[in-house]
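Hey, can you work out the whole structure from these sequences and the hints?
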Amino acid sequence: MRRKKSRQLKDKPKKSGKTVKRIPFVLVEKGRHGIEVVAANEAAQSRNIYSGLAFTDARARTPDLVFEEIDRVADRNALQKLADWMVRFSPRVSTDGNDAIVMEITGLDHLFGGEAKLMERIRACLQTNGYISQIAIAGTFGAANALARYRINIGDVFVSQLGHEKQDLADLSVKALRLSDKTVQLLRKFGLTRIDQLYGLDRKALTRRFASREAADAVVLRLDQALGIRHEPIKPVIAEPEWAMRMSCPEPVAAQDGVEYALDHLLSQLCHKLDMHGVGARDFCLYAFGVDGKCSHISASSASAVRDANHIRRLLKEHVETINPGFGIDLFMLSAARIEGLDHDAKPLAADMVGGFDEEAFIRLADRLAVRLGEKAVQMPIFHESHVPERSESFSQFATHLMEARSLSRAMGPRPLRMFEMPEHVEVMAEVPDGPPARLIWRRVMRKIVRADGPERIAPEWWKLSEKGARARDYYRIEDEEGCRYWIYRHGLYDDNRGGPPQWYMHGVFA
Amino acid sequence: MNVLAFIPDRSESSKVLPLKAEEEAVFPFGLGQKGLHECAEKNYGDMSALTGFVLANIEPKSAILWVKQYKFVQEHGRALPSGVELFNNKKSHWMHVVVSKPIDALWAIEEGLKSSALDLVIGEVEEADFTATRRLKLASERYGVPVVLLMPHTREGISACDARWRINSQPSAFNSYDAKALGSPCWRVVLERCRSAPSRAGEAFNLEYDDEALSLRVAPYVATGSVAPQEISSVKGQTEKIRQNG
Chain E
1 MRRKKSRQLK DKPKKSGKTV KRIPFVLVEK GRHGIEVVAA NEAAQSRNIY SGLAFTDARA
61 RTPDLVFEEI DRVADRNALQ KLADWMVRFS PRVSTDGNDA IVMEITGLDH LFGGEAKLME
121 RIRACLQTNG YISQIAIAGT FGAANALARY RINIGDVFVS QLGHEKQDLA DLSVKALRLS
181 DKTVQLLRKF GLTRIDQLYG LDRKALTRRF ASREAADAVV LRLDQALGIR HEPIKPVIAE
241 PEWAMRMSCP EPVAAQDGVE YALDHLLSQL CHKLDMHGVG ARDFCLYAFG VDGKCSHISA
301 SSASAVRDAN HIRRLLKEHV ETINPGFGID LFMLSAARIE GLDHDAKPLA ADMVGGFDEE
361 AFIRLADRLA VRLGEKAVQM PIFHESHVPE RSESFSQFAT HLMEARSLSR AMGPRPLRMF
421 EMPEHVEVMA EVPDGPPARL IWRRVMRKIV RADGPERIAP EWWKLSEKGA RARDYYRIED
481 EEGCRYWIYR HGLYDDNRGG PPQWYMHGVF A
Chain A
512 MNVLAFIPDR SESSKVLPLK AEEEAVFPFG LGQKGLHECA EKNYGDMSAL TGFVLANIEP
572 KSAILWVKQY KFVQEHGRAL PSGVELFNNK KSHWMHVVVS KPIDALWAIE EGLKSSALDL
632 VIGEVEEADF TATRRLKLAS ERYGVPVVLL MPHTREGISA CDARWRINSQ PSAFNSYDAK
692 ALGSPCWRVV LERCRSAPSR AGEAFNLEYD DEALSLRVAP YVATGSVAPQ EISSVKGQTE
752 KIRQNG
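Chains E and A supply the protein sequences, listed in that same order.
Going by this note's numbering, the first sequence opens with residue 1, and the numbers climb by one from there.
Going by this note's numbering, the second sequence opens with residue 512, and the numbers climb by one from there.
Among these hints, one or two may not hold up.
Straight-line distance between alpha carbons at most 30 Å, and here's what the computed DSSO-like set of lysine-lysine pairs gives [claimed, not checked]: (1) A/648 <-> E/376; (2) A/691 <-> A/648; (3) E/468 <-> E/448; (4) E/317 <-> A/602; (5) A/582 <-> E/376; (6) E/448 <-> A/553; (7) E/166 <-> A/625; (8) E/182 <-> E/30; (9) A/602 <-> E/376; (10) A/612 <-> E/317; (11) A/691 <-> E/376; (12) E/448 <-> A/691; (13) E/117 <-> E/166; (14) A/572 <-> E/376; (15) E/376 <-> A/601; (16) A/601 <-> E/317.
Worth flagging that the hints you see were computed from the coordinates, not collected in a lab.
Given the structure is predicted, the values throughout are model-derived calculations rather than measurements.
Listed below in structure tokens is the structure:
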């Protein structure tokens with residue numbers, strides 16, 4: 001059984017209190033035809049002011065209308081935050097448009113004592129946070145969405161019995177099917193205003209009436225989705241955790257040590273569970289759900305699967321102070337993702353017995369460095385089959401599967417000890433044909449070359465598209481009067497007809 | 512059950528035993544083996560020579576952490592694995608950390624020392640005050656992991672390090688196959704300060720790296736006492752000792 005719940009929020013008149021409610025209040029926005037009303041509260045609606053009305057008309061109807069400009073970015077952020085917080089009820093939560101949240105409640109209503117009780121609980125939770133809601137439960141996302149928005153009034157709830165979507169949607173306007181204004185207008189021209197009028201229509205006949213294929217498809221698709229003929233998955237705001245542990249607090253926790261206690265408690269439970277199943281995880285995330293409708297989280301990743309509570313605690317504690325208890329936290333959730341098999345293995349008694357290399361400690365160190373300095377900061381060398389120096393050896397983010405990779409053993413010329421990220425252009429003073437220059441200027445200093453050997457020619461990889469028109473490089477090892485040894489190359493041959501005369505570049509320094 | 516007695520306690524075995532007095536007083540005075548050593552450029556641009564000198568001195572290690580400030584990567588490039596292999600042909604496990612601030616680099620070095628996973632920490636740090644170097648020295652001694660800091664030519668002033676070296680690049684050795692080509696790399700190394708042998712501070716060494724035997728040797732023209740300017744006249748005697756000690 002899949003049950004979806006959609007909720008529309010009417011949170012605009014946030015100044016709660018009975019006197020405020022009676023004042024007609026609207027949010028306005030600059031539209032195509034001047035300033036328009038985009039949201040109206042109950043008092044305003046009772047005076048026939050609705051969204052889409054020109055603001056001048058609204059003012060004419062109610063001279064004492066209170067208005068404010070809408071802040072859509074803040075609205076979206078607030079909705080996103082609320083959706084994060086709603087994860088406390090169900091792991092699959094998503095935002096829908098700018099004013100609704102959709103939640104998958106399949107199989108979890110019994111935890112709250114049934115659908116009606118769950119709905120009541122959500123309504124109450126939202127109300128304490130200043131949100132008035134319209135909640136509907138239905139078998140499909142499309143139906144729940146239509147019922148919450150068009151079937152019920154502000155503050156009401158509605159449960160569509162399983163399989164009753166068709167009847168419940170029957171007398172709603174076709175607008176409820178999430179169609180574009182143009183499509184709705186077209187349907188109205190055909191005399192199709194209610195959803196039940198679409199039920200009996202021949203699909204092919206319906207499609208033929210529309211000028212555009214997309215509009216016809218949209219009508220059929222939305223109808224099918226609402227009736228559950230076609231599946232419509234929701235995209236959760238947080239990736240669904242593979243393993244999660246919850247701890248709800250009898251009293252909201254407002255102190256930092258409470259958070260740390262919760263972390264310890266959840267970690268020991270989670271690690272025990274991971275241990276029982278012989279697995280480890282690489283990503284861990286601690287969510288703290290506040291009573292005030294806010295949710296904060298901290299996360300940490302490991303370079304290899306781990307279930308060592310001490311290690312995970314150390315990684316998560318790095319950021320634990322970013323959890324702001326606010327008015328109190330009443331639910332903690334610790335999730336683990338990227339689960340991998342992790343066998344029990346006997347540790348050697350002494351590091352000397354495994355050649356002095358403790359791989360586990362090495363990886364743990366990488367984790368600790370990455371959590372403080374950022375994942376990109378911890379790197380290891382990687383090797384590719386290529387003759388181009390900057391391509392054959394590079395550095396990538398630390399990962400355990402790369403630890404076995406070793407340098408390629410192939411014959412090549414001398415390589416410098418330090419190589420620049422980007423070859424640096426050098427100005428050549430005295431060019432010698434088919435040899436390194438006698439003098440060059442690099443980093444604004446004139447250097448006289450006294451000894452040199454080479455060249456080592458590295459041809460471009462012509463089979464790569466990005467290398468199209470690339471020029472060959474002739475590498476030389478040179479030494480200047482001061483005794484500094486450099487690796488320079490001439491980019492291009494003298495008669496390769498690939499752009500102007502060859503240029504010289506500094507690519508590395510020898511020891 | 513007696514077998515267990517032969518297995519050393521792990522926490523103890525990972526520690527490098529303190530060198531004997533006579534070992535400490537010979538070249539390279541514990542560089543890459545014990546304690547905190549600072550190696551600084553003599554002139555801007557000697558960073559590669561410096562890196563080579565350090566890598567030539569360290570014995571093959573199994574796990575090495577190399578912490579660097581991004582500034583060094585920009586100015587002097589990164590150590591190229593195939594270039595490093597010329598100096599250290601044991602396949603070590605390398606972990607590189609790139610940070611932007613000196614304080615992060617110092618933190619990463621200290622974290623590495625404490626981890627019990629490493630044999631050596633190399634740090635490319637722009638600056639480190641007395642307190643920072645003291646912390647690193649104590650951590651290095653406590654956990655038995657040596658630290659080598661590669662520092663720019665501006666490095667001066669007080670420090671808690673065991674020794675400070677100053678290195679500059681020298682013309683390479685004669686190449687017997689091709690007189691015009693480069694030979695083995697040579698460096699001039701000055702031991703600026705040394706805690707284990709204070710009397711030796713100020714001595715200079717002209718070194719040549721033999722990339723076939725992977726060992727350092729005293730540059731021949733110094734050994735024969737010919738040219739090469741010396742800062743202190745006792746180098747000649749010193750070079751003999753280095754030879755004897757390998």
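Structure-based check of all given hints:
1. About 28 Å separates the Cα atoms of residue 648 of chain A and residue 376 of chain E, which keeps this hinted pair within 30 Å; it holds.
2. Taken as a hint, the residue 691 of chain A and residue 648 of chain A pair is broken in the structure, with Cα atoms around 45 Å apart against an allowance of 30 Å.
3. Taking the CA atoms of residue 468 of chain E and residue 448 of chain E, the gap is near 35 Å; set against the 30 Å cutoff, the hint is violated.
4. In summary, the hint linking residue 317 of chain E to residue 602 of chain A is not supported, as the alpha carbons are separated by about 35 Å, beyond the 30 Å threshold.
5. A C-alpha spacing of about 16 Å is found between residue 582 of chain A and residue 376 of chain E, which places the hinted pair at or below 30 Å, so the restraint holds.
6. Between residue 448 of chain E and residue 553 of chain A the alpha-carbon distance is near 20 Å, which keeps this suggested pair within the 30 Å criterion.
7. Using a Cα cut-off of 30 Å, the hinted pair residue 166 of chain E and residue 625 of chain A is violated, with the two alpha carbons roughly 67 Å apart.
8. Between residue 182 of chain E and residue 30 of chain E, the direct Cα distance comes to roughly 21 Å. Compliance with the 30 Å bound is thereby established for this hinted pair.
9. For a cut-off of 30 Å, the pair hint linking residue 602 of chain A to residue 376 of chain E stands: about 24 Å separates their Cα positions.
10. Between residue 612 of chain A and residue 317 of chain E, the direct Cα distance comes to roughly 22 Å. Compliance with the 30 Å bound is thereby established for this hinted pair.
11. Under the criterion of a C-alpha separation no larger than 30 Å, the hint pairing residue 691 of chain A with residue 376 of chain E is inconsistent with the structure, at around 43 Å.
12. Simply put, residue 448 of chain E and residue 691 of chain A have alpha-carbon atoms about 14 Å apart, close enough for the 30 Å limit, and the pair holds.
13. About 24 Å separates the Cα atoms of residue 117 of chain E and residue 166 of chain E, which keeps this hinted pair within 30 Å; it holds.
14. Distance restraint check for residue 572 of chain A and residue 376 of chain E: the Cα-Cα separation of roughly 25 Å lies within the 30 Å cut-off, and the hinted pair is therefore satisfied.
15. Restraint check: the Cα-Cα separation between residue 376 of chain E and residue 601 of chain A comes to about 26 Å, which is no more than 30 Å; the hinted pair holds.
16. In summary, the hint linking residue 601 of chain A to residue 317 of chain E is not supported, as the alpha carbons are separated by about 37 Å, beyond the 30 Å threshold.
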